[in-house]
Every structure is written in structure tokens, then in C-alpha cells.
Amino acid sequence: MPVAVLDALGAGRWVVDHRGMAAAPPDPTDETLMLRYAAGETAAFAPLYVRHKDGVWRYLLRGSHNEASTAELFQDVWASVVKSRASYQPTARFATWLYRLAHNRLIDHWRAAKPHDALDEEAQELASHDHETPSARAVQSEQGTRLLAALAGLAPEQREAFLLQAEGGLSLEDIATTQGVGRETVKSRLRYALVKLRKELADVWP
Amino acid sequence: MSGPESLPPDDRLLAEFLAGQGAVREIYRTMAQEQVPPHLDAAVLQAAESAAASSTSRPRRRHWQTPMAAAAVMVLSFGVFLQVQRDPAAQSQLVEAPKQPSPSAVPTAVETSQDAAKNEVLAEAASARKEVEADKNQVAATVAKPRAVAIPQSRRVAAADDTPPPPAPPPALATAAEPPPSATLDSFEPERAEKAADHAALSAAAARESRQQQETFAAAAGPMAKARGVPRAANLLDPHMAPTTIVSETSAAAAIERWAQSCDAASIGLVGPMRWRGLEVVAWRQQLDDQQVVTALRFAPEITREAIAAALGSLAAKTSLTAAHCAHTVLRELRASEAGWSLTCECASP
Chain A
5 MPVAVLDALG AGRWVVDHRG MAAAPPDPTD ETLMLRYAAG ETAAFAPLYV
55 RHKDGVWRYL LRGSHNEAST AELFQDVWAS VVKSRASYQP TARFATWLYR
105 LAHNRLIDHW RAAKPHDALD EEAQELASHD HETPSARAVQ SEQGTRLLAA
155 LAGLAPEQRE AFLLQAEGGL SLEDIATTQG VGRETVKSRL RYALVKLRKE
205 LADVWP
Chain B
16 MSGPESLPPD DRLLAEFLAG QGAVREIYRT MAQEQVPPHL DAAVLQAAES
66 AAASSTSRPR RRHWQTPMAA AAVMVLSFGV FLQVQRDPAA QSQLVEAPKQ
116 PSPSAVPTAV ETSQDAAKNE VLAEAASARK EVEADKNQVA ATVAKPRAVA
166 IPQSRRVAAA DDTPPPPAPP PALATAAEPP PSATLDSFEP ERAEKAADHA
216 ALSAAAARES RQQQETFAAA AGPMAKARGV PRAANLLDPH MAPTTIVSET
266 SAAAAIERWA QSCDAASIGL VGPMRWRGLE VVAWRQQLDD QQVVTALRFA
316 PEITREAIAA ALGSLAAKTS LTAAHCAHTV LRELRASEAG WSLTCECASP
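Top to bottom, those sequences are chains A and B. Mapped onto the numbering used here, the consecutive letters of the first sequence carry residue numbers 5 to 210. Mapped onto the numbering used here, the consecutive letters of the second sequence carry residue numbers 16 to 365.
Just so you know, the hints here were simulated from the structure itself, not pulled from any lab data. By construction, the Cβ of each residue, glycine as well, lies at the ideal position given by its N, Cα and C atoms. Be aware that a few hints might be false.
[What the hints assert, rightly or not] Derived coverage of chain B by chain A (criterion: at least 3 residues anywhere in the stretch with Cβ under 8 angstroms from a Cβ of chain A; other residues may be distant):
(1) 24-35
(2) 38-46
(3) 50-63
Work the whole structure out from these sequences, hints included.
Listed below in C-alpha cells is the structure:
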């Protein structure tokens with residue numbers, strides 16, 4: 005709406021300001037929150053934790069297949085985050101660093117639990133519904149249940165690559181660094197995993 | 016360039032998955048609803064808070080430890096230096112004593128006097144030895160054990176240079192609870208130069224270490240001090256950026272109201288010359304503009320940008336200055352709306 009009040013004064017034109025509402029400040033990044041927490045700002049930890057806790061929980065749950073073990077691993081991972089805060093450097097994404105801690109803890113768990121058994125055998129054994137966790141039994145969708153079962157039946161490295169992307173949002177390069185393999189290897193693992201999972205859903209999702 | 020449709024099926028699946036799309040991704044996203052049990056949430060948050068609270072208290076102790084240690088070293092070094100300074104006076108007396116017997120005396124008398132002088136020197140050396148032992152015991156009772164102990168000059172009559180013993184080594188480097196070596200007058204002399212060099216090196220190393228520790232603690236305290244000194248809303252990624260304050264809608268409305276009421280004549284529309292915070296205003300208006308209430312002041316031509324900014328006072332931090340490059344002192348307009356405050360410049364066009 006043009007304003008012409010001052011035209012009569014001949015004192016010049018009004019400057020029309022078309023700015024809208026002030027944009028809400030962007031949420032601080034994970035790296036910023038972690039640096040603030042490392043500097044002593046206790047309140048910075050909670051939002052960071054809330055952002056990533058469920059993803060890490062599911063990652064560990066699908067890797068350990070046991071809720072009791074998952075609880076222990078989960079606490080260990082976040083204890084590592086707290087302990088390492090002073091030496092944290094934002095050279096990579098916080099999520100990459102976090103899931104690397106989770107990956108290392110999961111590896112330790114596998115080695116300590118059944119060092120001589122093939123991990124493939126364990127995954128197949130636990131893929132049956134008898135070993136579903138109480139929270140997994142709550143899943144109503146048949147597709148979801150079958151996908152879960154198929155996911156549990158994947159080779160551990162394929163399953164982990166899938167979860168690092170699906171839960172952590174890690175890039176191929178970050179997954180490669182976490183798993184200690186090359187980028188192309190990660191792509192192969194993901195391809196295999198997706199083909200198997202898609203095949204599992206073929207009859208209900210053509 | 017080939018699009019997704021021309022990719023092999025596997026690669027297409029992968030591309031979809033990485034892009035957060037596709038059937039697998041969608042189904043997984045729907046069914047992956049497991050959440051952390053609440054008791055674990057509480058435990059993790061509690062642990063994080065405790066760790067942060069304990070770590071913020073720890074550095075405070077470090078802040079005074081290093082300067083305290085440095086001060087203690089300096090005090091002890093000065094004390095040892097003073098102790099050493101006292102000895103040259105006694106040393107000079109002992110140097111003169113053997114010269115007293117007369118060379119022209121009868122041989123028997125000379126021998127007697129020489130014997131007496133010798134006995135006197137030995138007695139004085141014995142008493143000096145006792146003094147040294149007493150000094151050693153006194154020094155051993157202190158925190159830092161000065162390795163250098165002053166010895167009487169009776170043993171060093173022929174010594175040409177008299178380098179004072181170096182200051183005591185710092186407590187961190189000194190062997191605590193270890194008594195000084197029981198140096199006899201006979202054995203101390205040859206080791207003195209070597210120990211002096213060792214002590215000088217130790218002192219220099221201690222000073223370096225002390226400096227390094229101070230720098231380390233200062234660097235460690237830097238970010239924390241910075242975090243403590245900067246408001247919470249500050250941009251920690253760029254410490255040089257001024258802290259920003261977000262004006263809520265309520266605050267903005269209240270600020271506008273206060274600002275409007277500060278005018279000498281509250282009115283709507285053009286009512287004639289007014290003053291706002293001492294500045295001449297030619298017009299004041301309020302209108303609804305794009306669903307926002309906009310309040311604007313139009314200042315007289317001679318009112319400079321700087322004067323307006325000065326009059327804004329604390330509001331200046333919330334006011335954006337558009338056309339900041341313009342240096343003309345022409346009409347200025349201060350606008351306030353729920354979006355914020357702005358001070359704009361309108362260059363007079365011919």
C-alpha cells in the first residue's frame with residue numbers, strides 16, 4: 005500500500021520496506037552443540053542427545069539383537085561421547101563421529117560375546133520371530149515385520165552399512181571410513197543389502 | 016547425461032536409497048519406531064551433566080597451582096641467594112688468617128706460630144664445617160632442597176674465581192625428601208662446578224616448563240573463559256561477531272509502544288513538527304502494511320544518521336541499518352514493525 009502522506013510536504017519519498025517477519029534463528033548444528041558442551045555448557049548436550057539417541061538405539065538394537073545388551077552398549081557409547089568431549093574436533097560431521105563410536109562398541113560386543121562363531125550364523129539364528137524384542141513385536145505392519153526379519157538376516161557388514169545410512173545419514177565415504185573399507189566396497193554392500201530387502205518385499209511391493 | 020532411469024536396477028535402488036527415497040527406505044522409516052527407554056535417557060543425561068559439572072570445577076584448581084609453584088621457586092631461590100651472599104664476608108676473614116704469622120720470627124717461634132695458625136685454621140675450618148652442617152639441616156627442612164651448600168673458603172684459598180652456587184632447583188624437579196648430599200670439605204670442591212652446571216640447567220628447564228604449563232593452562236582456559244564471557248546467544252563459530260538478540264513479537268510490540276509514547280506528541284498521521292528523543296521529526300505515522308503494523312518516523316533533513324543511531328541507544332543493537340554505504344545526510348526514516356527495526360536512507364534525487 006503506497007504511502008503518500010509526505011508527498012504534500014515535498015520532503016521526499018517514503019522508503020517502502022517489504023521485509024517479512026523475522027526468520028527464526030537456525031538451530032545450532034551438532035558440531036556447535038558439541039563444542040559448547042565441551043566448553044562447559046551443560047545445556048548444550050540435551051538437544052544433541054535428543055537428535056541422535058533413537059537412531060543410535062536402533063542401530064545398536066539391530067546389531068546386537070538383544071535389548072538388554074543394547075541398553076549397555078547405548079550407555080557405553082554416550083559415556084564415550086561425554087568422556088571424549090575435551091578432545092572433540094569438528095573435522096567430520098558429529099553423526100559420523102558418533103556412529104563410529106557406536107560401531108567400535110558393537111564390534112567389541114561381538115568379539116566379546118561369541119568370538120569364534122560366525123556372525124552370519126548368529127544373524128540368521130536371530131532372524132526368526134522368536135528372538136524379536138518386545139519393542140519390535142509392537143510393529144504391526146507386515147511389510148515392516150518382514151523387512152526387519154530380512155534386515156536381521158543380512159550379513160553383518162551389509163546390515164551395518166544399511167543402518168549407518170538409514171539411521172545415521174552417513175555418506176558413502178563416512179561409512180567406508182567407519183567400516184574401514186573402500187567406497188566401492190560400501191556401495192557393493194549396500195547394493196546387495198537393498199536387493200535382498202527389495203526381494204523380500206517383492207510380493208507386497210512390486 | 017544419463018538419468019536415473021537408465022541406471023542398472025541395482026544402482027537405481029542404491030541411488031534412491033541414498034537420496035532417502037524408494038520402497039525400502041519408506042517402509043523402514045515407517046516401521047523403525049523403537050525409542051530409547053526413558054530410564055536410559057535420564058541416566059545418560061545425568062551422567063553428561065555430572066561430567067560437565069565436575070570438569071568445570073577442576074580447572075579452577077589449576078589456575079593458581081602454576082603461579083603458586085613459580086612464586087615458591089622464586090622465593091626459595093632468593094633465599095638461597097641471600098644465604099650465599101652472607102658467606103663471602105666470612106670467607107674473606109678466613110683468607111686473611113693464615114697471613115698473620117710473621118715470617119721474621121725465630122724458627123722455633125715461627126714453627127710455634129705456624130702451628131698455632133694451622134691449629135687456628137683447622138679450628139675455624141671445623142667450626143665452618145659445623146656451620147655448613149647446620150645450614151644443610153636447615154635447608155633440608157624446607158620444601159625445596161637446595162643442592163648447593165655454601166662452604167667456607169678455607170678450603171678454597173687458592174681459588175681464583177668464585178662463582179656463586181646456582182639457585183635451588185624447582186620443587187618438581189628436586190628429589191623431595193632426599194637430604195642434601197653429605198658433602199665433606201674434601202669431597203665437595205671437585206663436584207661443585209659440575210653441580211653448579213647441573214643446577215643451572217635444571218633451573219632453566221624448570222623455568223621453561225613453568226612457562227609451558229602456564230601457556231597450556233591459558234589455552235585450555237581460553238575457550239572456557241570465552242564461553243563464560245560471551246552471552247549465550249553469541250555466535251561461537253565466529254567470536255568476533257557481535258551477539259545477536261532475537262526480538263520476540265511481544266518484545267517488538269512493547270518496544271514500539273514505548274518508542275511511540277516517547278514522542279512529544281503522540282498522534283497518528285501528520286500533525287506538524289515534533290521531537291523524538293531531542294531530534295526533530297517531520298512526520299510520524301502508523302499503518303497496516305502487509306498484515307504488519309509499521310510505525311515510522313521521518314526525520315528532518317539536518318538530522319544525521321549518527322544522531323539517530325545515538326538516540327536509539329539500546330535499540331541500536333536491534334536496528335538494521337540499510338544503505339549503510341550512503342554517506343549523505345539526507346532524510347532518514349526509522350521504521351519499526353514486528354519484523355524488526357530498520358533505519359533506511361533515501362538519497363535525494365535531483
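Okay, the hints, checked on the actual structure:
Only residues whose C-beta sits within less than 8 angstroms of a C-beta in chain A count toward coverage, and the segment 24-35 of chain B has 6 of them, enough to reach three; the restraint holds. With 8 residues bearing a CB less than 8 angstroms from a CB of chain A, the segment 38-46 of chain B meets the requirement of three and the coverage assertion stands. Evaluation of the coverage hint for the segment 50-63 of chain B: fulfilled, as 10 residues show C-beta separations to chain A shorter than 8 angstroms, against a requirement of three.
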